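*Asks:* Numbering-wise, this note's numbering comes out as the position in the sequence shown, counting from 1, plus 1.
Think of the hints as simulated: they come from the structure by calculation, not from any bench.
Computed from a prediction, not measured in an experiment: that's the story for all the values here.
Mixed in with the good hints, there may be bad ones.
Across the chosen pairs, the derived CB separations fall in these ranges [to be verified]:
1) N4 - V87: 17 to 25 Å
2) F48 - P107: 42 to 50 Å
3) L10 - A232: 31 to 39 Å
4) S134 - R207: 41 to 49 Å
5) A232 - V133: 29 to 37 Å
6) A61 - P27: 48 to 56 Å
7) V133 - S72: 17 to 25 Å
8) E114 - A232: 31 to 39 Å
9) W69 - V49: 24 to 32 Å
10) S72 - A232: 42 to 50 Å
11) L62 - P27: 47 to 55 Å
12) S72 - L10: 48 to 56 Å
13) S72 - A31: 51 to 59 Å
C-beta: ideal position from N, C-alpha, C; glycine also.
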Amino acid sequence: MANPISTALSGAALLPRALRLLTRRPGLLALGALPPLITSLLLGALFVLLAFNVMDVADALTGFADSWSASLAEALRYVVAGAVLVAAAALMVLAFSTITLALGSPVYDRIGEQTEELAGAAPAVHEEPLRVSLPRTVRQSVALVLLSVLLALPVFLVGLVPVVGTVLGAVASACVGGWLITTEMVGGALERRGRVRLSDRWALMRRNRARCLGFGIPVFLLLSMPLVAIAVFPVASAAGTLLARELAEEAGRPALSGAGGR
């Protein structure tokens with residue numbers, strides 16, 4: 002039985018391996034940095050807008066405290082304002098990769114295809130008409146964003162547990178975020194192999210959770226750093242392609258899934 006730690010480290014090692022491959026195509030690194038730059042600017046502007054208006058949001062959420070003493074109501078609103086900002090920041094980190102991949106889909110498809118060629122034994126592409134692939138991609142992106150929203154609340158609540166909450170919340174956030182980001186990063190390469198549904202990705206990922214988390218957690222942490230995320234994203238996309246190749250190869254068969262479904 003494989004050692005989970007060494008398996009997780011092999012997942013993390015895909016990042017430097019992908020970087021070495023992409024240095025042979027430096028134009029792809031520069032091109033791949035544009036979508037995360039745009040996403041960072043958009044999300045950053047939204048967060049600044051929220052920060053300037055967060056007390057109005059807190060007032061709207063705590064109308065029931067109007068009859069309380071002024072000092073107690075004000076303290077509650079500051080706590081709620083802080084919670085809103087923390088929750089918004091966590092959600093933006095989780096949604097960052099989904100939005101970036103959606104904005105830069107042609108760019109990351111190109112990076113994935115070039116990574117396949119550089120790594121050798123590129124698969125025959127599973128062709129689909131745009132009228133089939135585009136609606137499915139939109140549905141999957143929306144589903145992952147909604148899943149991020151649903152999971153952000155329990156992760157935030159874990160963080161409120163006294164004493165150990167900070168550590169538990171950080172670990173839970175990294176694990177959840179790493180899993181979701183891995184789901185997105187392996188998507189393009191698995192679609193090229195005919196595995197087009199989210200359930201197809203998760204079935205392969207569950208076969209090797211340690212490697213997927215070993216890849217996904219470092220990517221999640223790196224993408225949590227706004228300026229670092231811009232440089233890391235194209236490398237993470239290429240590394241996701243390498244991971245998808247390994248997962249598909251270990252599954253033992255390049256089975257085609259139906260084009261429908263989520």
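*Asks:* Could you run down the list of hints and mark each one as holding or not?
*Replies:* Now for the hints, and whether the structure bears them out:
1. N4 - V87: 17 to 25 Å: For V87 against N4, whose Cβ atoms are near 36 Å apart, the range 17 to 25 Å is violated.
2. F48 - P107: 42 to 50 Å: At 27 Å between Cβs, range violated.
3. L10 - A232: 31 to 39 Å: 22 Å, violated
4. S134 - R207: 41 to 49 Å: 25 Å, violated
5. A232 - V133: 29 to 37 Å: Since the Cβ atoms of A232 and V133 sit about 34 Å apart, the hinted range of 29 to 37 Å holds.
6. A61 - P27: 48 to 56 Å: 49 Å, holds
7. V133 - S72: 17 to 25 Å: 60 Å, violated
8. E114 - A232: 31 to 39 Å: 21 Å, violated
9. W69 - V49: 24 to 32 Å: 30 Å, holds
10. S72 - A232: 42 to 50 Å: 46 Å, holds
11. L62 - P27: 47 to 55 Å: The hint (47 to 55 Å, Cβ to Cβ) holds, given that L62 and P27 are roughly 48 Å apart.
12. S72 - L10: 48 to 56 Å: 52 Å, holds
13. S72 - A31: 51 to 59 Å: 54 Å, holds
Hints 1, 2, 3, 4, 7 and 8 from the earlier list are contradicted by this structure; the remaining hints agree with it.
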